[in-house]
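Participant: Given chain S's structure and the hints, the job is docking chain V onto it.
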Amino acid sequence: MLLNARQKWLGALIAPSFVASSAVAEPLSKINLRPGATELSQDIYDLHMLILWICVAIGVAVFSVMIYSMIAHRKSLGREPATFHENTKLELLWTLIPILILVAMAVPATGTLIEINSPEDADMDVVVTGYQWKWQYEYPGTGVSFFSVLRTPSDEIYNREAKGEHYLLEVDEPLVIPTGKKVRFLITAKDVIHSWWVPDFGVKRDAVPGYVSELWTRVDEPGVYRGQCAELCGKDHGFMPVVVVAKEPAEFDAWLAERQEAAAREAELASKDWTLDELMARGEQVYARNCAACHQANGAGAPPAFPPLKDSPIALGDPQRHIEVVYDGVPGTYMAAYGEQLSEVDLAAVITYERNAWGNNVGDQVNPIDIVEFAKSN
Amino acid sequence: MSAVDAAVDVHHDDHHHGPAKGIRRWIFATNHKDIGTLYMWFSFAMFLLGGSFAMVIRAELFQPGLQLVEPEFFNQMTTMHGLVMVFGAVMPAFVGLANWMVPLMIGAPDMALPRLNNLSFWILPFAFATMASTLFMEGGGPNFGWTFYAPLSTTYAPPSVTFFIFAVHMMGISSILGAINVIATILNMRAPGMTLMKMPLFVWSWLITAFLLIAVMPVLAGAVTMMLMDIHFGTSFFDAAGGGDPVLFQHVFWFFGHPEVYIMILPSFGVVSQIIPVFARKRLFGYESMVYAMAAIAFLSFIVWSHHMFVSGIPLSGQLYFMYATMLIAVPTGVKVFNWVATMFRGAMTFETPMLFSVAFVILFTIGGFTGLMMAMAPVDYQYHDTYFIVAHFHYVLVPGAVFAIFAAVYYWLPKWCGNMYDERLGKLHFWLSFVSVNVLFFPMHFVGLAGMPRRIPDYALQFADYNLLASIGGFAFGLSQLFFMFIVIKTIRGGRKATAEVWEGAKDTTLEWTVPSPAPFHTFETPPVVK
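These protein sequence lines are chains S and V, in that order.
The opening position of the first sequence corresponds to residue 1 in this note's numbering, with each subsequent residue numbered one higher.
The opening position of the second sequence corresponds to residue 1001 in this note's numbering, with each subsequent residue numbered one higher.
Do not take every clue at face value.
[Stated by the list, open to error] With a Cα cut of at most 20 Å, we get these calculated SDA-like pairs of lysine to any residue:
id: 1; chain 1: V; residue 1: Lys1428; chain 2: S; residue 2: Ile67
id: 2; chain 1: S; residue 1: Lys182; chain 2: S; residue 2: Asp123
id: 3; chain 1: V; residue 1: Lys1428; chain 2: S; residue 2: Ser76
id: 4; chain 1: S; residue 1: Lys75; chain 2: V; residue 2: Val1503
id: 5; chain 1: S; residue 1: Lys190; chain 2: V; residue 2: Asp1245
id: 6; chain 1: S; residue 1: Lys30; chain 2: V; residue 2: Gln1063
id: 7; chain 1: S; residue 1: Lys181; chain 2: S; residue 2: Pro140
id: 8; chain 1: S; residue 1: Lys190; chain 2: V; residue 2: Thr1235
id: 9; chain 1: S; residue 1: Lys376; chain 2: S; residue 2: Glu268
id: 10; chain 1: S; residue 1: Lys75; chain 2: V; residue 2: Lys1428
id: 11; chain 1: V; residue 1: Lys1198; chain 2: S; residue 2: Thr88
id: 12; chain 1: V; residue 1: Lys1508; chain 2: S; residue 2: Ala82
id: 13; chain 1: S; residue 1: Lys163; chain 2: V; residue 2: Gln1067
id: 14; chain 1: S; residue 1: Lys163; chain 2: V; residue 2: Phe1062
id: 15; chain 1: S; residue 1: Lys89; chain 2: V; residue 2: Arg1283
id: 16; chain 1: S; residue 1: Lys190; chain 2: V; residue 2: Ala1240
id: 17; chain 1: V; residue 1: Lys1198; chain 2: S; residue 2: Glu86
id: 18; chain 1: S; residue 1: Lys163; chain 2: V; residue 2: Leu1469
id: 19; chain 1: S; residue 1: Lys376; chain 2: S; residue 2: Arg321
id: 20; chain 1: V; residue 1: Lys1498; chain 2: V; residue 2: Lys1508
id: 21; chain 1: V; residue 1: Lys1428; chain 2: V; residue 2: Met1486
id: 22; chain 1: S; residue 1: Lys190; chain 2: S; residue 2: Phe147
id: 23; chain 1: S; residue 1: Lys75; chain 2: V; residue 2: Asp1509
id: 24; chain 1: V; residue 1: Lys1428; chain 2: S; residue 2: Met70
id: 25; chain 1: S; residue 1: Lys190; chain 2: S; residue 2: Glu324
id: 26; chain 1: S; residue 1: Lys75; chain 2: V; residue 2: Thr1350
id: 27; chain 1: V; residue 1: Lys1508; chain 2: V; residue 2: Val1530
id: 28; chain 1: S; residue 1: Lys190; chain 2: V; residue 2: Gly1242
id: 29; chain 1: S; residue 1: Lys190; chain 2: V; residue 2: Asp1239
id: 30; chain 1: V; residue 1: Lys1508; chain 2: S; residue 2: Glu80
id: 31; chain 1: S; residue 1: Lys182; chain 2: S; residue 2: Glu115
id: 32; chain 1: S; residue 1: Lys75; chain 2: V; residue 2: Asp1239
id: 33; chain 1: S; residue 1: Lys30; chain 2: V; residue 2: Gly1234
id: 34; chain 1: S; residue 1: Lys190; chain 2: V; residue 2: Phe1062
id: 35; chain 1: S; residue 1: Lys89; chain 2: V; residue 2: Val1291
id: 36; chain 1: S; residue 1: Lys75; chain 2: V; residue 2: Arg1283
id: 37; chain 1: V; residue 1: Lys1491; chain 2: V; residue 2: Ala1045
id: 38; chain 1: V; residue 1: Lys1198; chain 2: S; residue 2: Asn87
id: 39; chain 1: S; residue 1: Lys247; chain 2: S; residue 2: Arg218
id: 40; chain 1: S; residue 1: Lys89; chain 2: V; residue 2: Glu1288
Simulated from the structure, these hints should not be mistaken for laboratory data.
Since the model is a prediction, treat every value here as computed from it, not as a measurement.
This is chain S alone, in the form it adopts within the complex (with noise of 0.2 Å):
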């Protein structure tokens, strides 16, 4: 990042006060907001600038009279106390000087704040929806629709291995946009409200169950945006990470392409025979993926908001009960309805998986087309 010459010099003024050892060769993203990747961004920018520094201006004035009295007109000193004790004239000026200020901080942001909520003419959208603890990602109109998880691996979270450089800011599939295009983000959620946040975009929005809110961004520069959920949402809040990969759009597009080839070949599998194994086999990763957070990957769960699922009578029970539990929840508890985030295939290999994997040997398996029947029913 370029440094202009007010950046090196606010550095050079807080940075050593504290961690004076590493802190004055850090870059300023460490204390500082960032300028980001788009003309929003950096709007933003600007404005946190000029009134940090406005805020700065004044507090130096203000302080300066203050230390300067205790100094000066201190008991210690002889001094005899003055007797005034109003002033009219004064008083009025430090209340209209303020209000001139503010005035001035007040007309650009104004122009800024209208600018974010100025999603019209978009050239393309994507729905953004929060879950209890991932992002779901859909291109409408392009049946592409996928669900983005924290990647790092718990053994990093609970210190058993060394953290990776991205570490709690990567996730297993990023959002992919367009550069150069204006993107609409339609954002809303499923269970509590989350708040969907890219600092390098300035773009952050609570996601709220039952609502749709609308913010948009342009990036001209190719690359990866990190950010977090912003909006406390339950037990891994710390861990649903937002990773946005902005590309050339001809990249985009070849990607979507091939994104769409995907879903299509996925659409098929539901008619494929399956044998326990691979059910198995897939279904452990999509445990992994959507189940372990609560249940654990041994199964254990952390009861008692979150049950075990080795032994438990559901899972040792009647295969459609079982089914109706994972498709459709339980309602007041954590347990959401993955009928709706998963497809028959998934659903059905996590369901086996659940039935036959730390000593639930079960021996039955569910499959693609019991899910289908069950959602007809249902």
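Facilitator: Below, chain V alone, put in the same frame as chain S:
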């Protein structure tokens, strides 16, 4: 304020009985001083409890990765820390100060409604016992943040949320009763000659605060009642699937919540406005504009609530209005800061512990005010919102703000309460330990917030590690410093140099409490003083 002529004849009060003996003195207390003392100790106990939750948070955030607690428990800690500090530590401390000092400052023999006073205190231990007990319940305690946004706090809440709702109701009742008492006392029991515009500013600040409390605590009660209905009685106030709106919760909550933050800061303004003139040996600059500024801040607090919700999806017109209205708050707040500085200017200052805490209050509260102004700018708040920058901001106004004002008040009035002077060297040591550690604790939070660290997360990306480590060290030091504070206070109560009635040089000319002996007798001002 004009000079005060207090005709005190406490020495002829022998026909009055003193305090009851033993535990009955406290359980059946109706004396404003005893109830004030109860409030202060209760508040300090809650300060330590809420502080210990904060220590858990800072210990987990000491390093990246999960070391000590699971995310579920971490969320309970952030939630309980906020609730206990706001409702258990800061608010009761100011009610305690009001109980002790308002009657003494207006020349009244007691609070207007002594039995109600007893009730409003004794509700609190039960409310907080209920709240704290949720930590031991199945599913854990409240884990949805002190702002308890629905539907995380309704459909997705642990079963203990019902106890939380009940506890909030009890706190609300306690606050409302306390506020009624303060208003009744101030409006009816001022000494002859003390017109409203002659009242000490601490009394003014509490008169305004009490009206804020009466106005907004019922709104909080409404919010939690709607939650209760959604959870148990099938309504859908906050559930879009049933025709409700989760954002409605935020409107209702912040209509309470924004005045609430001024409930915690206005009495601080009052305390500091008493202390600075005494130690500058100069009349407060701009008394009238101080009163008007507090009234203006109180009024504005009702019309700015959605600045907490700039990114919640409210319409552009709403964002613009709330941005402009919020920026206006800087004007009366600026007037107050300028007045304090002008009071110090060309005074003859000494820097005993209450003054040190007051001066630190003015500087550090102003820094919190600056960041508040920054986040009033809606477009920039898109970046600040829900990050550690916000955490830094409100801790600056609440800890070196409100809490430092409480420390200042305790050092200022403790000699009047117990008759002994605290040890000035120890007091100053406590100040410097607190002053340094509070900045090491909260200043780096500005940095990690701007760099992109969201609030309320138990683990964080590696670029935030250095400043979190630093903040944790500051946090532990600040926590330990407050145990030292407890030691100083207990030492002072048990003995020490005897305090004079006036305690501070020239204080007699400022407010009435310095005209009664130290310690203040059990009954004071049974014959009202005459204020000229």
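Participant: Against each hint, give a clear statement of whether it holds in the structure.
Facilitator: Evaluated hints:
Of the pairs offered as hints, the one joining V/Lys1428 and S/Ile67 holds, with about 18 Å between alpha carbons and a cut-off of 20 Å not exceeded. Restraint check for S/Lys182 and S/Asp123: satisfied, since their Cα atoms lie roughly 5 Å apart, inside the 20 Å limit. As the CA atoms of V/Lys1428 and S/Ser76 are separated by approximately 17 Å, the hinted pair is consistent with the 20 Å bound. Restraint check: the Cα-Cα separation between S/Lys75 and V/Val1503 comes to about 17 Å, which is no more than 20 Å; the hinted pair holds.
A C-alpha spacing of about 13 Å is found between S/Lys190 and V/Asp1245, which places the hinted pair at or below 20 Å, so the restraint holds. At roughly 16 Å between alpha-carbon atoms, S/Lys30 and V/Gln1063 fall within 20 Å of each other, so this suggested pair holds. Only pairs whose Cα atoms come within 20 Å are accepted, and S/Lys181 paired with S/Pro140 is accepted, the gap being roughly 16 Å. The suggested pairing of S/Lys190 with V/Thr1235 holds, with an alpha-carbon distance near 19 Å, which does not exceed 20 Å.
With a C-alpha separation of about 18 Å, the suggested pairing of S/Lys376 with S/Glu268 holds against the 20 Å cut-off. For the given pair, S/Lys75 sits about 18 Å from V/Lys1428 by alpha-carbon distance, which is consistent with the 20 Å threshold. For the proposed pair V/Lys1198 and S/Thr88, the alpha carbon gap of about 19 Å is at most 20 Å, so the pair holds. Restraint check for V/Lys1508 and S/Ala82: satisfied, since their Cα atoms lie roughly 19 Å apart, inside the 20 Å limit.
With a C-alpha separation of about 14 Å, the suggested pair S/Lys163 and V/Gln1067 falls inside the 20 Å cut-off, and the hint holds. For the proposed pair S/Lys163 and V/Phe1062, the alpha carbon gap of about 16 Å is at most 20 Å, so the pair holds. For the given pair, S/Lys89 sits about 18 Å from V/Arg1283 by alpha-carbon distance, which is consistent with the 20 Å threshold. For the proposed pair S/Lys190 and V/Ala1240, the alpha carbon gap of about 10 Å is at most 20 Å, so the pair holds.
Note on V/Lys1198 and S/Glu86: the hinted pairing holds, with a Cα-Cα distance of about 15 Å set against a maximum of 20 Å. For the suggested pair S/Lys163 and V/Leu1469, the alpha carbons sit about 17 Å apart, so the restraint of at most 20 Å is met. Our distance criterion of 20 Å between C-alpha atoms is met by S/Lys376 and S/Arg321, whose separation comes to about 15 Å. For the suggested pair V/Lys1498 and V/Lys1508, the alpha carbons sit about 17 Å apart, so the restraint of at most 20 Å is met.
Simply put, V/Lys1428 and V/Met1486 have alpha-carbon atoms about 14 Å apart, close enough for the 20 Å limit, and the pair holds. Using a Cα cut-off of 20 Å, the hinted pair S/Lys190 and S/Phe147 holds, with the two alpha carbons roughly 13 Å apart. A hinted pair counts as satisfied when its Cα atoms are at most 20 Å apart, and S/Lys75 with V/Asp1509 qualifies at roughly 18 Å. The hinted pair formed by V/Lys1428 and S/Met70 meets the criterion: a straight-line CA distance of about 16 Å does not exceed 20 Å.
Distance hint between S/Lys190 and S/Glu324 is fulfilled; the C-alpha atoms sit about 19 Å from each other, no more than 20 Å. Between S/Lys75 and V/Thr1350 the CA atoms are separated by roughly 6 Å; this keeps the pair inside 20 Å, and the hint holds. For the proposed pair V/Lys1508 and V/Val1530, the alpha carbon gap of about 14 Å is at most 20 Å, so the pair holds. For the hint pairing S/Lys190 with V/Gly1242, the CA-to-CA distance comes to about 14 Å; that is within 20 Å, so the pair holds.
With a C-alpha separation of about 11 Å, the suggested pairing of S/Lys190 with V/Asp1239 holds against the 20 Å cut-off. The hinted pair formed by V/Lys1508 and S/Glu80 meets the criterion: a straight-line CA distance of about 18 Å does not exceed 20 Å. The suggested pairing of S/Lys182 with S/Glu115 holds, with an alpha-carbon distance near 13 Å, which does not exceed 20 Å. Annotation: proposed proximity of S/Lys75 to V/Asp1239 is violated, straight-line Cα distance about 63 Å (limit 20 Å).
Of the pairs offered as hints, the one joining S/Lys30 and V/Gly1234 is violated, with about 47 Å between alpha carbons and a cut-off of 20 Å exceeded. Distance restraint check for S/Lys190 and V/Phe1062: the Cα-Cα separation of roughly 33 Å exceeds the 20 Å cut-off, and the hinted pair is therefore not satisfied. Distance check on the hinted pair: S/Lys89 and V/Val1291 sit about 18 Å apart at the alpha-carbon level, within 20 Å; holds. Simply put, S/Lys75 and V/Arg1283 have alpha-carbon atoms about 15 Å apart, close enough for the 20 Å limit, and the pair holds.
Restraint check for V/Lys1491 and V/Ala1045: the C-alpha separation of about 17 Å stays at or below 20 Å, so the hint holds. Proximity of V/Lys1198 to S/Asn87 is assessed by CA-CA distance (about 19 Å); at most 20 Å being required, the pair is judged to hold. At most 20 Å may separate the alpha-carbon atoms for a hinted pair to count; S/Lys247 and S/Arg218 meet this at roughly 12 Å. Distance restraint check for S/Lys89 and V/Glu1288: the Cα-Cα separation of roughly 14 Å lies within the 20 Å cut-off, and the hinted pair is therefore satisfied.
Hints 32, 33, 34 from the earlier list are contradicted by this structure; the remaining hints agree with it.
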